[in-house]
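Work out the full structure: start from the sequences and follow the hints.
The residues making up each chain are set out below.
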Amino acid sequence: MMTIPLSWWLTVAAALFSIGVYGALTRKNAIGILMSIELVLNAVNINLVAFWRYIAPHDISGQVFAIVVITVAAAEAVVGLALVLAVFRRRGSAIVEELDILKQ
Amino acid sequence: MQGVIDFLVSLNIPYVNASVARYIVLQVLAAIVAVAAPAGLIILTWLERKIIARIQDRLGPNRAGPFGLLQAIADMVKMFTKEDITPAKADRLVYNIAPGLGMFAAIMAFAVIPFAPGFAGTQMNVGLLYIVAIGGLGTLAILMAGWASNNKYALLGAFRAVAMLLTYEIPMVMTLVMVAVVAGSMSMVDVVEAQSGMWFVVSMPVAFLIFFLSGVAEVGRSPFDLVEAESEIIAGFHTEYSGIKFGMIMIAEYVHMFALSFFTAVLFLGGWQIPFIDVAALPAPFAAILGLISLLVKVFFFVFVMMWLRGTLPRFRIDHLLDFGWKFLVPLTLVLLIGVAFVIRLFAPGSSVGIPVAAGPLSGLGMPGQVVALLVTNLLVLGLALVVVSSAARRTRSKALRAVSAVDSPVPTAGK
Amino acid sequence: MFMPSNFDPSQIPLVPIVFWIMTLFTVGGAIGVVSSKKLFHSGLYLVLSFFGVAGYYVLLSAGFMAVVQLMVYVGAIAILILFAVMFSRRPMAAESQANRQWWLGLPLMLVLFVVLVVTVGSVAWPVSGAEPTADTVQQLGVAFLGSYLIPFEVVSVLLSVALIGAIILARGKVEGEETN
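In order, the protein sequence lines correspond to chains A, B and C.
Using my numbering, the final residue of the first sequence is 104, and nothing's skipped along the way.
Using my numbering, the final residue of the second sequence is 416, and nothing's skipped along the way.
Using my numbering, the final residue of the third sequence is 180, and nothing's skipped along the way.
Simulated from the structure, these hints should not be mistaken for lab results.
Take the hints with a grain of salt, since some may be wrong.
No more than 27 Å apart at the CA atoms, straight line, and that leaves these computed lysine-lysine pairs for DSS-like [said to hold, decoys possible]:
hint, chain 1, residue 1, chain 2, residue 2
1, C, 37, B, 89
2, B, 82, B, 152
3, B, 89, A, 28
These figures come from a predicted structure and were not determined experimentally.
Set out below in structure tokens:
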């Protein structure tokens with residue numbers, strides 16, 4: 001397992017995080033933004049589990065943390081998608097730029 | 001399996017040492033399983049058509065070969081030679097991948113099944129969860145197929161199918177958790193070992209029933225077969241598929257049915273065990289062959305039961321299905337899980353190996369006590385559920401009766 | 001023949017090969033999510049990315065997490081996202097999915113990535129060469145019902161709240177009810 005140094009894992013997680021942030025900033029559709037946020041949460045999880053494995057494999061807290069993150073991500077995806085569906089039903093569109101009735 | 005590996009190493013082929021021999025043996029076994037699962041399709045389709053025909057008081061295919069045994073080969077030839085039509089605005093890549101993904105998910109489930117003592121594809125310590133994960137993959141394949149066909153009926157069929165599959169995944173997972181709690185481990189091999197005292201179908205019959213029913217719903221067989229619903233929405237999510245791709249979807253369904261029978265046999269009927277005979281203690285070739293035969297007998301029994309159900313029961317409506325799943329099965333399974341966990345805690349033998357566990361207060365009664373307590377809990381919970389449901393039904397019936405027999409108020413026909 | 005006589009097939013370094021394949025799935029899938037023209041394809045690329053991450057967990061000896069990832073993310077969240085996509089799209093429309101500020105987001109992403117990699121690479125992590133014990137599932141059980149009991153209960157409450165909230169949000173107008 002030590003054939004792959006810890007920094008490789010962290011680099012991959014950083015790449016996933018950056019791609020997720022780019023998606024959250026530039027996607028038009030609200031569902032696209034939610035998908036990018038799931039990518040960000042996955043990147044965080046990879047970091048957590050890599051740290052658990054390399055730095056403290058005897059202490060299960062790393063995996064506990066990661067499982068809590070997965071659960072919170074599930075709850076957030078559910079509520080986010082319900083919101084998007086409710087908005088789509090009222091306004092007919094899920095494009096974020098068109099949802100501007102609060103604008104001056 | 002270790003014996004086969006040692007034999008291969010002793011042949012002294014160049015480059016073959018112990019780990020390579022193990023790899024080769026595993027690959028050959030995997031190839032056998034991956035080919036046998038769809039090849040079992042041939043037997044299964046013949047069995048299905050004959051059994052359903054006999055239930056419906058007719059003969060079934062008897063022209064192609066003796067007793068119609070070559071009928072499946074005739075069907076395959078027909079399917080290969082059919083024109084492969086792709087609908088006009090279909091999403092090409094997704095349309096082509098979906099049947100393959102469904103087949104992939106169905107065959108992958110065989111990786112964790114212990115076929116005989118010592119013969120399991122892999123001894124994952126989370127084998128039970130692996131089954132659930134693979135089931136989720138099959139659901140994804142249906143969604144992809146429905147969407148990519150660019151057809152309203154296919155999309156509607158896919159929605160209904162996925163709603164039903166997600167509903168019945170929950171009782172299935174809960175019963176798997178019950179099995180894991182009683183067996184003390186999530187590995188399929190350990191579950192089979194844990195049944196050497198008493199098979200789980202005897203100690204947890206209600207859990208077995210719920211698992212089998214949810215499994216039949218997961219596979220999409222009658223009476224839960226609104227996934228296909230040949231008389232309702234044309235053909236559901238596989239409306240636009242023809243030829244080989246349709247064949248692949250059919251293979252996926254039959255292999256999934258086969259896999260479900262294997263799971264039920266392994267998890268509840270003791271897998272390769274035979275009552276009153278210790279199969280693992282027999283000499284090497286006999287143990288494997290006897291174990292495999294006993295497993296196959298149980299598997300084909302369940303396959304027969306599923307075909308029996310298909311020939312006998314009418315189809316459920318989607319709202320009845322979802323009501324039954326969410327309002328009856330899910331609460332029932334949750335209460336049953338609490339009961340089973342409680343019983344196991346009471347009867348747990350203490351252990352100080354690994355993580356220390358304090359012995360439960362009733363652990364002196366041992367395994368027979370635990371079996372009896374589990375059985376009593378199961379039957380009690382089922383009785384409670386039936387009492388609740390029947391009183392609710394009685395209330396609804398009396399309300400409807402009162403509405404019908406009311407004279408003064410202009411009341412419409414009694415709804416339920 | 002054409003292999004040296006001391007070639008031992010069991011010495012092929014499998015772990016880096018699997019790592020690179022999983023990286024291809026994960027990062028390739030992620031790039032597909034943010035750059036695909038059709039929203040449904042983005043959803044499928046997301047599923048590919050989840051598979052890659054599950055492979056990572058297996059490499060990191062966290063087998064339970066890999067299966068949980070498949071069960072929760074692929075089996076539930078991805079299907080939910082695809083459902084939402086199917087409900088809320090004019091079907092098969094293939095306009096570009098990037099908004100007007102994508103030219104600003106791209107250098108921002110690159111800067112963020114470079115900053116993260118430099119920061120992470122410049123720390124001397126206290127790597128311990130120990131192997132985790134084989135019974136992580138039992139340890140997780142003990143942890144969740146022992147020292148991490150309160151987070152466990154809070155997360156259960158969070159899930160119940162999310163469930164109820166989503167049902168209420170997505171229910172729409174029910175006959176006979178008044179909205180205020």
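Going through the hints against the structure:
{"no.": "1", "hint": "C:37 - B:89", "verdict": "16 Å, holds"}
{"no.": "2", "hint": "B:82 - B:152", "verdict": "24 Å, holds"}
{"no.": "3", "hint": "B:89 - A:28", "verdict": "24 Å, holds"}
Of the hints listed earlier, there is not a single one the structure fails to meet.
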